[in-house]
Amino acid sequence: MNNDNLLYQAFVFLAAAVILVPIAKRVGLGSVLGYLIAGVVIGPFALGLMGDSGGHDVMHFAEFGVVMMLFVIGLELEPARLWRLRLSVLGLGGLQVVLTTLAAGGVAMLFGLSVQMATAVGLIIAMSSTAIVMQTLGEKGWTNTEGGQNAFSVLLFQDISVIPILAFLPLLATVTPPQGATAHETTVTLVSGLPAWAQTLIVLGTMVGIAGGGRFLVRPAFRAIAKTRLREVFTAAALLLVVGISLLMDQVGLSRALGAFLAGVVLAGSEYRHELEGDIEPFKGLLLGLFFIGVGASIDFHLMSAQPLLILALVALLVIVKLGVLLLLGRVFRMPLNQNFMFSFALAQGGEFAFVLFSLSTSQGILTTAVAGPLVVAVAVSMALSPLLMVVYERLLMPRFVPKRNEHRAADKPDDHNSVIIAGYGRFGQIVGRLLSANGISATVLEADSDQVDLLRRWGNKVFYGDASRLDLLSAAGANKAKVLVLALDSPQKNIEVVHTAKKHFPHLKLLGRAKGRIEAYDLLDAGVDDMQRETFESALRLGMLALRRLGFGAHQAERAVGIFRRHDESALRELAELRRSNDEKAYFSAARERSQMMSKVLQADISDKGDFHDPAWDVEALRTQIPS
Amino acid sequence: MSLLVLYAHPASHRSRLNRRLLKEVADLPSVRVHDLYEEYPDFHVEVRREQTLLLEHDIIVLQHPFYWYSVPALLKQWMDLVLKHGWAYGEGGTALRGKRWLTAVTTGGPEGAYQAEGSNRFTMRQLLAPIEQTAQLCGMQFLDPFITHGAHRLSDEALATQAKAYRQRLSSLLAGEQPTVVGKDKQ
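Respectively, the protein sequence lines represent chains A and B.
Heads up: the first sequence at position 362 corresponds to 352 in my numbering, and the numbers run straight through without jumps.
One gets my numbering by counting positions in the second sequence from 1 and adding 147 to each.
Pulled out of the complex, with its shape left as it was, chain B reads as follows:
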């Protein structure tokens, strides 16, 4: 099993949480960290190179902050360009079939804000629907997302705990443990 972390953070130097999470897993065996904003500061995503990387790994982790209920702009650019018709989906688009997709997202707001009665009015699962469907269309297994809420208020201890949990999650994925797959029938 090999795992590719697609890390997308436009201001990584300001990030406390995401950087820490990334650091925690970077040294795991068979993990390759691919920092998109470092690789493509000009948004010139190299399609063939990215596709090769995807083919070389079994588990794809998209780690990013949750911006406007979606991915940072460069990760969206990456999706638009790399997940091409005829390659990732559509006729003959089977390149990614059977691979696993894990979204590891951090939010500024607390967990309670992502509820029907909260300020964001929808749950994380609902808000992540476009991403889940992207994975689905590519024939990938969309795993239960790894979500960290309240990025700005997290205490150092909570941060450490969360980082450990992240490492644990990726380790068990690498060990081939049966992952929790988000079923289509689930809400």
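The shape of chain A in the complex, shown without the other chains:
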């Protein structure tokens, strides 16, 4: 590909994304669907703007987006948390892969495939799309719900299981590979010639190597690079790390995504975690977008128009089989019905690994092109449909069984209108609610975790289940009669969404926002909340005060020192919020990068205010000089 061609392709891809993604987001379809539609539009079957290569070069490149996403996910997942997930990863994930393989394989056999072929198809269908699911869940702020966590566990298991599947597939070969079919990337590795035990040893060694290298090599390296204060070199180093790990993974025949994930987990505890996240994030987002565009473009509409019914049936079967297995597992693992729906609808699609595995299967003579072709299309279509499936869940299912319970409760007390609504009743909202309740004020609670909802209802609280940014839910909770709305949701974006909804439809409501940190505090102030509190600020001040006391400050002296600092910090916060608003930087920086820039401004303000931290109260020095001895 010459340079003109590359620029031209970049232009087409970027233009499609820039035009279509905001539209899709605007009409509530989410960015993933926007990218997919963009892919279809510029793909060979609509406008055909992607050049002769059909975008395959770009696709190859774009798969890096998935690798980077896993790296970033890893960064946010400390080893301890990963360890806590082990049960759901192994149990839920393992069962999902096994049961879906059996079910999908069974269906495949009904279509007349041999046992070997059906097994291969089943295994491939069992995979879901990490990219689409995590992006969609993240966008909706559901990553930390029970359903979201479980979906992540299953995806993690799938990513891990790709390795043995890659090793296992060739054993299923029944037909002669087509002439000239090139062996796939996974087969040309350093280890392919070695016996199985040696391969296993090398795989394990690599994992340990990444874990050890991350700790003892990469961290000091980043420290040294950070000292140079050359931003772009730090970014280059972050990219180098991800690319290097991918290459290493290719060499030993492991999934790149898994390697990157592992590296992320190792670096999760490091001091440069936010920097890394901030540096990788723009690349990740863009490449992931490219990847979705590629998926959209790769939908073979020729094949679809040739056998529309077959493809349609395959897509329907794929989604239904996966959905069925997932719902069953959700029940077995005692997920609340709604979380189960979220979990199941999220994962009911084919994954990007399917493309790799299908092409490996045809080249290895496991599946014929006649079998694999329509299935590849079906997987791509199911991926394109899956953001829609989430929209269906959100719009139709989520509210559906919720009002039923509420009607029942509303019938208990027909005109019971609380003057306070608390959105989000996690560890933060609870304290607010309990304080109010101790003072005889009962609050209406909006909560998205159904377990929590059941518990609260049992104790006689007025609880509405669902996404607090939804207008109908706010109305149902009595927002038009209430006086105060406390925004205590865990997700900062959700809190902001609720602010926008509330300001638009219930302008009389006083909005009190919980902010995670400074950046979120600025965002809340910008969005126009009436009051705002940083969730860690007060408790950190109190702990700081205890530290002062341990160092010999008197109780009251320490209390005043804290008070002076609080005033200083709060006024600095408002000033910096103003500064940020006028600079309008926020749109250009990733949260992580902005955080580090903000921190230096905050420290600067501390230094220039130094004189003010001295407490002149009850100072007797001046008096002493005046009183004659």
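These aren't lab readings, by the way, just hints derived from the structure by calculation.
In this text, all values refer to a predicted model and were calculated from it rather than measured experimentally.
Virtual Cβ for every residue (Gly too), placed ideally from N, Cα, C.
The reader is advised that the hints may include incorrect statements.
What the hints assert, rightly or not - Result set (BS3-like, lysine-lysine): computed pairs, CA atoms no more than 30 Å apart in a straight line:
hint : chain 1 : residue 1 : chain 2 : residue 2
1    : B       : Lys170    : A       : Lys500
2    : B       : Lys170    : A       : Lys473
3    : A       : Lys484    : A       : Lys494
4    : A       : Lys473    : A       : Lys484
5    : A       : Lys493    : A       : Lys15
6    : A       : Lys506    : A       : Lys473
7    : B       : Lys170    : A       : Lys471
8    : A       : Lys506    : A       : Lys493
What the hints assert, rightly or not - Heads up, incomplete: computed chain B residues facing chain A, CB under 7 Å, no partners named:
hint : residue
9    : Leu228
10   : His232
11   : Gly233
12   : Thr241
13   : Gly286
Stated by the list, open to error - Counterexamples of contact, computed for chain B against chain A with all Cβ distances above 10 Å:
hint : residue
14   : Ser177
15   : His181
16   : His191
17   : Val194
18   : Leu221
19   : Ile294
20   : Gly297
Start from chain A and add chain B according to the hints.
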């Protein structure tokens, strides 16, 4: 002329009299009400801000209930912190010189209790001596205090009358009428 009402009541929501008095004068032109317990629930009086407020006004009214023959704790804290040496008194402490100080105090007991033979054994004037001297040391004119006795037993009519009298008192101060100054020689 401008007038600053420093209002100090830790349980204003329970107060019948003080709230009513405050409401009566809040809308007077050139009057600024500064509710200390609203401003500093944590007792963190902002010294510079308070000093600026004082400088901006000619007449300072301290309105509060009479607690243990003195001011409520936050108002005492305010005095300790704001009326600093070198600013309000002592060497170079001339910031408040010439301003007027009016104490508007409410008591639970009836007037008769504040007599030599009453249960409180001293007159209001005697009991207010530390406050009067505070004003004096700051070079301020200590005006004849506005006292309302028997806060809990006051009838609605008496309450209304007293509120009107309070408004009248502040209005005439604002109009620059020669105030009754409590002389040093008086008892």
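Hint check:
1. B:Lys170 - A:Lys500: Satisfied, since the Cα-Cα distance of roughly 25 Å is no more than 30 Å.
2. B:Lys170 - A:Lys473: Holds: B:Lys170 and A:Lys473 sit about 25 Å apart, inside 30 Å.
3. A:Lys484 - A:Lys494: holds, 15 Å
4. A:Lys473 - A:Lys484: Answer holds: A:Lys473 to A:Lys484 is near 20 Å, not above 30 Å.
5. A:Lys493 - A:Lys15: Within the cut-off at roughly 21 Å; holds.
6. A:Lys506 - A:Lys473: holds, 24 Å
7. B:Lys170 - A:Lys471: Holds: B:Lys170 and A:Lys471 sit about 28 Å apart, inside 30 Å.
8. A:Lys506 - A:Lys493: holds, 21 Å
9. Leu228: Result: holds, 5 Å to nearest chain A Cβ.
10. His232: holds, 5 Å
11. Gly233: holds, 5 Å
12. Thr241: violated, 14 Å
13. Gly286: violated, 16 Å
14. Ser177: holds, 29 Å
15. His181: holds, 18 Å
16. His191: violated, 4 Å
17. Val194: Its Cβ does come within 10 Å of chain A, the nearest being 7 Å, so this is violated.
18. Leu221: Fine: 14 Å to the nearest Cβ keeps B:Leu221 off the interface.
19. Ile294: holds, 31 Å
20. Gly297: At about 32 Å from chain A, B:Gly297 clears the 10 Å cut-off, so the statement holds.
Checked against the numbered hints above, the structure violates hints 12, 13, 16 and 17; every other hint is satisfied.
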